[in-house]
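**Student:** Sequence:
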Amino acid sequence: MGYCSRMRARLSDIAQQAQVSEATVSRVLNDRPGVAVDTRQAVLTALDVLGYERPARLRKRSAGLVGLIVPELNNPIFPAFAQEIESSLSQTGYTPVLCTQTPGGVTEDEYVEMLLDRQVSGIVFVSGLHADTTADLERYRRLTARPLPIVLINGYTPDVDAPFISCDDREAGELAVSHLVALGHRRIGFVSGPDRFTPVRRKIDGYRAAMRRLTGIPDADLDALISLSLLFGVEGGDAATTRLLDAGVTAIISGSDLMALGAVRAGRRRGLSVPGDLSVVGFDDSPLTAFTDPPLTTLRQPVSPMAVAAVRALVDEINGHAAPRSEYVFRPELVVRGSTAAARASLAVPA
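Position 252, counted from 1, in the sequence shown is what our numbering calls 252; the numbers after and before it change by one each time, with no gaps.
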């Protein structure tokens, strides 16, 4: 087989593996413009999978390692954050090192020690111990004193000298209540995980403020409409909602999409239809919530803009350009789907 024939065979193999045309493979190998980032990455991945060596011009030298610590992967919002942050880091030349916690597994502090041993250039924490108001923040102060650039997502505290990126959880609570009140609901419950976490406290603050303003229910009476669980997942949402159904709620606002699915399950176990008898609102807009039964009305976290902001702040820190020591707050978006509907006429109140 001649040289041209071998080259054609190689292009054909790569194109088939990447599911693109041979012309696209050629453009990528020659570092030509006009190829989407995802397509270019698919071709480079195909090269690696098939055992071909990347052309020298495409071997980007890593600018260094950056640690990324997320609490778990069971909740789809955390893989979504990890994917967006890793993508943004790669575009700046940094190589992400993903650290995922599991119950009884490696702790956040142990991961930090491992990352320091690997001489990372910085660390991004997603919903870490910084979000827990009972946690010792000295662990973060030791990092900033090294100094090691860090950025913390979802869980602001003024006692750590670092950039923070947050979704506006208070606004999320208010938006959810406003949506349900507009549908005629008045007995609106709130379910979430423990309130020692800053995002939970902020959602409750938003929920209380909107309920006082829009329904006139006294603050003391709202306590009976708030049900907190030890767990943020489906089981926690189920247990917390079951308690509220006894209190006669017609709608549930959840601290996460997984808890919202637990609320749907609890309602159906009682013979209630969702949304006919019980409306449910989630939080996150995790992947696949548009395809649940029913599709979930939820508050969308702007994951991509938050990830880009976190990476930009971290890279600025690494490069010696101090990012503002403040909280960047991103507004959630109400996404109305099939899990909320008008309250039954006998229960409805004027919007």
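For the record, the hints were derived by calculation from the structure and aren't laboratory data. It is possible that some hints are incorrect.
What the hints assert, rightly or not - Computed Cβ-Cβ distance ranges for the label pairs, DEER-style:
hint, residue 1, residue 2, range
1, His-321, Leu-272, 48 to 56 Å
2, Asp-195, Arg-32, 25 to 33 Å
3, Asp-159, Pro-103, 46 to 54 Å
4, Asp-48, Pro-103, 49 to 57 Å
5, Pro-103, Ala-290, 44 to 52 Å
6, Glu-110, Ala-23, 45 to 53 Å
7, Gly-271, Thr-45, 43 to 51 Å
8, Pro-158, Arg-32, 30 to 38 Å
9, Thr-133, Phe-330, 44 to 52 Å
10, Pro-147, Gln-16, 43 to 51 Å
11, Val-106, Leu-288, 48 to 56 Å
As the structure is a computational prediction, the values presented were derived from the model and not from experiment. Cβ coordinates follow ideal geometry from the N, Cα and C atoms, glycine included.
**Student:** Next, verify each hint and record whether it holds.
**Tutor:** Evaluation of the provided hints:
1. Roughly 55 Å separates the CB atoms of His-321 and Leu-272, a value that falls within the hinted 48 to 56 Å.
2. At roughly 55 Å, the beta-carbon separation of Asp-195 and Arg-32 lies outside the given 25 to 33 Å, and the hint is violated.
3. Between Asp-159 and Pro-103 the C-beta distance comes to about 27 Å, which lies outside the given range of 46 to 54 Å.
4. The supplied range of 49 to 57 Å is broken by Asp-48 and Pro-103, whose beta-carbon atoms lie about 34 Å from each other.
5. Look at Pro-103 against Ala-290: about 29 Å separates their beta carbons, and that is not inside 44 to 52 Å.
6. Checked against the hint of 45 to 53 Å, the pair Glu-110 and Ala-23 passes, with Cβ atoms roughly 49 Å apart.
7. Restraint check, Gly-271 to Thr-45: a C-beta distance of roughly 50 Å satisfies the suggested window 43 to 51 Å.
8. Distance hint check: the CB atoms of Pro-158 and Arg-32 are about 49 Å apart, inconsistent with the given range 30 to 38 Å.
9. Against the hinted window of 44 to 52 Å, the Cβ-Cβ separation of Thr-133 and Phe-330 comes to about 21 Å, which falls outside the hint.
10. In this structure the supplied range 43 to 51 Å holds for Pro-147 paired with Gln-16, their Cβ-Cβ distance being about 49 Å.
11. For the pair Val-106 and Leu-288, the beta carbons lie near 27 Å from each other, so the given range of 48 to 56 Å is not met.
The earlier numbered hints that this structure contradicts are 2, 3, 4, 5, 8, 9 and 11.
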